[in-house]
Structure formats: C-alpha cells, structure tokens
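Using the hints provided, position chain B relative to the given structure of chain A.
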Amino acid sequence: QKEVEQDPGPLSVPEGAIVSLNCTYSNSAFQYFMWYRQYSRKGPELLMYTYSSGNKEDGRFTAQVDKSSKYISLFIRDSQPSDSATYLCAMSDILTGGGNKLTFGTGTQLKVEL
Amino acid sequence: KAGVTQTPRYLIKTRGQQVTLSCSPISGHRSVSWYQQTPGQGLQFLFEYFSETQRNKGNFPGRFSGRQFSNSRSEMNVSTLELGDSALYLCASSHTSGGRTDTQYFGPGTRLTVL
Numbered sequence: 001q002k003e004v005e006q007d008p009g010p011l012s013v014p015e016g017a018i019v020s021l022n023c024t025y026s027n028s029a030f031q032y033f034m035w036y037r038q039y040s041r042k043g044p045e046l047l048m049y050t051y052s053s054g055n056k057e058d059g060r061f062t063a064q065v066d067k068s069s070k071y072i073s074l075f076i077r078d079s080q081p082s083d084s085a086t087y088l089c090a091m092s093d094i095l096t097g098g099g100n101k102l103t104f105g106t107g108t109q110l111k112v113e114l
Numbered sequence: 001k002a003g004v005t006q007t008p009r010y011l012i013k014t015r016g017q018q019v020t021l022s023c024s025p026i027s028g029h030r031s032v033s034w035y036q037q038t039p040g041q042g043l044q045f046l047f048e049y050f051s052e053t054q055r056n057k058g059n060f061p062g063r064f065s066g067r068q069f070s071n072s073r074s075e076m077n078v079s080t081l082e083l084g085d086s087a088l089y090l091c092a093s094s095h096t097s098g099g100r101t102d103t104q105y106f107g108p109g110t111r112l113t114v115l
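Listed in order, the protein sequences are those of chains A and B. The first sequence begins at 1 in this note's numbering and counts up one residue at a time. The second sequence begins at 1 in this note's numbering and counts up one residue at a time.
Extracted from the complex, chain B is given alone in its bound form:
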C-alpha cells in the first residue's frame, strides 16, 4: 500500500507570496492532519480534516488554511508568507477517528524556505 505522499518536496518563496501544499493520504484513510516542524518549536499541530470538514485547529494565524477534497486529498495554503514560515510541513493520515486517537502515518514533508 502506498504511503502518504506530499508535493512538492521543496519550495522556495519570497515574503508576501502565498503557497499551496498538497497531501495524498494512504488509500482508505479519511483523516488528514497537518503539522509544522521547526528547529525551535518542534512539531506543531496546524489542523485536521475529516470527511472534508475541519475538525481540529491549532494555534496558528488565519494566514494558514486548508481544505480536504472528496477523495480525502488535502491542501494547505499559507498566504502573505513571512520569514518565520520557513519550516518542514508534514501531513499525516489515519483511517478514522471514532473517539480515539488513531495511528497517524506521516509523509516525507514539504520543505518551505521563505526568503
């Protein structure tokens, strides 16, 4: 079974631009979560989508947004990029969430550099 895939793997943008990152979950998985990883803050939860609905949201500004499509693929968007947005963005998928924490499988991440 194919794992979680993320595109692109690397991205360089300049301040003020916007960016869209894509995540394809493992086949059959309906939950997709996004995390930001930086050396100083570690892995921080951005948001989770389940059946095209945002179910959980972390403490990030509104410049960070996401969506999920009917095939469970997800995108996240960052508008008005800042230098501090440079990070590894990780996507994780899980089968379902029926009131418990499921095993989450992570993709390789998208490395975003903001100049």
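Bound-form chain A, shown alone:
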C-alpha cells in the first residue's frame, strides 16, 4: 500500500462547477501538505502549501487538512477550462533528516468542459 493514495480520475466537470480533489495518507509524521498542478509536458506548479491541520484559501482554491483522519482536500470554485490539468498532492515531514523530501500522490486528471 502506498503512503499517499489519490484517485487518478479522470474527473470531468462542466465549466463553473466546484471541484473536490482528495488524498489520504498513512504516515502520521507528515506535517506539510501541498497541492501541485501539472499541465501536459510541463513540470508541477505549486498551488497551495499548508502546515498541519486547517484550511487555507487563495482565490478560487481552498486547501483543507484533517490530520486526525489523514485526509487532505483541494477545492476549486468556478472551475475554468484552463484548470484542466493533473493535480498532485504532496506531503513531507521533517523527521527524516531534512524537510525537502516530498511524497506524492499519483495525481488526479481533471478536465473542465465548456
């Protein structure tokens, strides 16, 4: 079983919909949680970064972390065709000699249709 599980999709939604993307994890030492967006043939781009539990909002994006359930979510409001991409969750801890080792989910492919 992988440390981070993410539904690969694909997820298809109409323009303007609210999108919910989720990841579950098993390592209770994870403290830093990130969401990346990756367009085809590009490197991942950081969307949201949160530490420990709680919510964080940035424009149309909201990230939620529930450490008690080992569950994180990304919500996209008023989705646009330009949001069509693969969304990757990533997480890390600082207990393994340094904090820059990220463990990723396999990514959810999102398509927002006109």
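Hints are not guaranteed to be accurate.
[As the list claims (entries may be wrong)] 30 Å max Cα-Cα, derived DSSO-like pairs, lysine-lysine: (1) A/Lys-67 / B/Lys-57; (2) B/Lys-13 / A/Lys-42; (3) A/Lys-42 / A/Lys-111; (4) B/Lys-57 / B/Lys-13; (5) A/Lys-111 / A/Lys-56; (6) B/Lys-57 / A/Lys-70; (7) A/Lys-56 / B/Lys-13; (8) A/Lys-2 / A/Lys-111; (9) A/Lys-111 / A/Lys-67; (10) A/Lys-56 / A/Lys-70; (11) A/Lys-42 / A/Lys-2; (12) A/Lys-67 / A/Lys-56; (13) A/Lys-67 / B/Lys-13; (14) A/Lys-67 / A/Lys-2.
[Stated by the list, open to error] Quick list of simulated restraints, FRET-style, between CB atoms: (15) B/His-95 / A/Ser-53: 21 to 29 Å; (16) B/Gly-28 / A/Leu-114: 22 to 30 Å; (17) B/Phe-69 / A/Lys-111: 35 to 43 Å; (18) A/Pro-81 / B/Gly-16: 41 to 49 Å.
[Unchecked claim] Some, not all, of what chain A presents toward chain B, calculated at C-beta under 8 Å: (19) Tyr-39; (20) Lys-42; (21) Gly-43; (22) Pro-44; (23) Tyr-49; (24) Leu-88; (25) Asn-100; (26) Lys-101; (27) Leu-102; (28) Gly-105; (29) Gly-107.
No lab work stands behind these hints: they were computed from the structure. Remember, predicted model here, so these are calculated numbers, not experimental data. The beta carbon of each residue, even a glycine, is placed where N, CA and C say it ideally should be.
Just chain B now, with coordinates in the frame of chain A:
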C-alpha cells in the same frame, strides 16, 4: 527571476548506456531535489542536495547518483540504463531548509527514453 532550467529536455539512449542530466536552480536557491515521474509510479523522490552535500535519498538503486556544484547547479547520473528507467526526470529547487519543508519550484523536466 529565471525559473529552474533542465538540460537536455529530451534524450534517447539504449540499454546499458549511461546518462547525465543537468539542473540549474533558481538564483539564490541552495537546495536541489530530483524526482522520477512515470505513469505507473507517479513522482518518486530520488535525492536532495544542499550545499554540495546529499542530504536525503530515496529508494533507488546505486545506479542513480548525483552531485551538486558550488554554484548550486546539480547533475544526476544513471549508469547501465534499463528499459524501466524511461521516465520524466524532474528537478526542484528551494531557497533553504532550516528544519521545515520549503516551497519547491520544479523545472520542466528531462524526458528520457531508453530503447
């Protein structure tokens, strides 16, 4: 500010050969991490270098190695290539790491195909 650059962008090699990939981090960033991305396994951490020292290492065989230079540029090397090494190799840089996870900025990747 220029982003993370990786060269070459595409590479085709045959089994048994070796390959060297290069990464130039964002100016001022001292940490460089490498990841392998494949359709089946997703993004997997290879190693991280900070101030020319390997600080973290993932679960990859010794055929995968890296180094970092005094200007923070990094190279990774894969020896005795196998078909399964075909992947997108991504480099990420971050400013520093003082006991927390920093924001990592990814380059566009090098697409390696092993025939």
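Here is what the structure says about each hint:
Of the supplied pair hints, the one linking A/Lys-67 and B/Lys-57 holds, its CA atoms being roughly 26 Å apart against a limit of 30 Å. Pair hint B/Lys-13 plus A/Lys-42 holds up; C-alpha atoms about 21 Å apart against a cutoff of 30 Å. Taken as a hint, the A/Lys-42 and A/Lys-111 pair is honoured in the structure, with Cα atoms around 17 Å apart against an allowance of 30 Å. The hinted pair formed by B/Lys-57 and B/Lys-13 meets the criterion: a straight-line CA distance of about 25 Å does not exceed 30 Å.
Between A/Lys-111 and A/Lys-56 the alpha-carbon distance is near 24 Å, which keeps this suggested pair within the 30 Å criterion. Of the pairs offered as hints, the one joining B/Lys-57 and A/Lys-70 holds, with about 25 Å between alpha carbons and a cut-off of 30 Å not exceeded. A hinted pair counts as satisfied when its Cα atoms are at most 30 Å apart, and A/Lys-56 with B/Lys-13 does not qualify at roughly 44 Å. Restraint check for A/Lys-2 and A/Lys-111: satisfied, since their Cα atoms lie roughly 25 Å apart, inside the 30 Å limit.
The straight-line distance between the Cα atoms of A/Lys-111 and A/Lys-67 is roughly 28 Å, inside the 30 Å bound, and the hint therefore holds. The straight-line distance between the Cα atoms of A/Lys-56 and A/Lys-70 is roughly 17 Å, inside the 30 Å bound, and the hint therefore holds. At roughly 25 Å between alpha-carbon atoms, A/Lys-42 and A/Lys-2 fall within 30 Å of each other, so this suggested pair holds. Pair hint A/Lys-67 plus A/Lys-56 holds up; C-alpha atoms about 14 Å apart against a cutoff of 30 Å.
In summary, the hint linking A/Lys-67 to B/Lys-13 is not supported, as the alpha carbons are separated by about 44 Å, beyond the 30 Å threshold. Our distance criterion of 30 Å between C-alpha atoms is met by A/Lys-67 and A/Lys-2, whose separation comes to about 17 Å. As the Cβ distance of B/His-95 to A/Ser-53 is approximately 25 Å, the hint placing it in 21 to 29 Å holds. Look at B/Gly-28 against A/Leu-114: about 41 Å separates their beta carbons, and that is not inside 22 to 30 Å.
Take B/Phe-69 and A/Lys-111: their Cβ atoms lie about 41 Å apart, and the range 35 to 43 Å holds. Taking 41 to 49 Å as the suggested C-beta distance range, the pair A/Pro-81 and B/Gly-16 conforms, at roughly 45 Å. Proximity of A/Tyr-39 to chain B is violated relative to the hint, the smallest CB-CB distance being about 10 Å (cut-off 8 Å). Because the beta carbon of A/Lys-42 sits about 6 Å from the nearest beta carbon in chain B, less than 8 Å, this interface hint is met.
The closest approach between the C-beta of A/Gly-43 and any C-beta of chain B is roughly 4 Å, which is under the 8 Å cut-off, so the hint is satisfied. Proximity of A/Pro-44 to chain B holds as hinted, the smallest CB-CB distance being about 5 Å (cut-off 8 Å). Interface restraint check: A/Tyr-49 against chain B, minimum CB-CB distance 6 Å, threshold 8 Å, status holds. Because the beta carbon of A/Leu-88 sits about 7 Å from the nearest beta carbon in chain B, less than 8 Å, this interface hint is met.
For A/Asn-100, the suggested interface contact is upheld, since its CB lies about 5 Å from the closest CB of chain B, less than 8 Å. Contact between A/Lys-101 and chain B, as hinted, is supported at the beta carbon level, the nearest pair being about 4 Å apart and thus within 8 Å. With its C-beta approaching chain B no nearer than about 6 Å, A/Leu-102 sits inside the 8 Å limit, and its interface hint holds. Because the beta carbon of A/Gly-105 sits about 7 Å from the nearest beta carbon in chain B, less than 8 Å, this interface hint is met.
Given hint, A/Gly-107 at the interface with chain B, holds; its Cβ is 6 Å from that chain's nearest Cβ, closer than 8 Å.
When the structure is compared with the earlier hints, violations turn up for hints 7, 13, 16, 19 and for no others.
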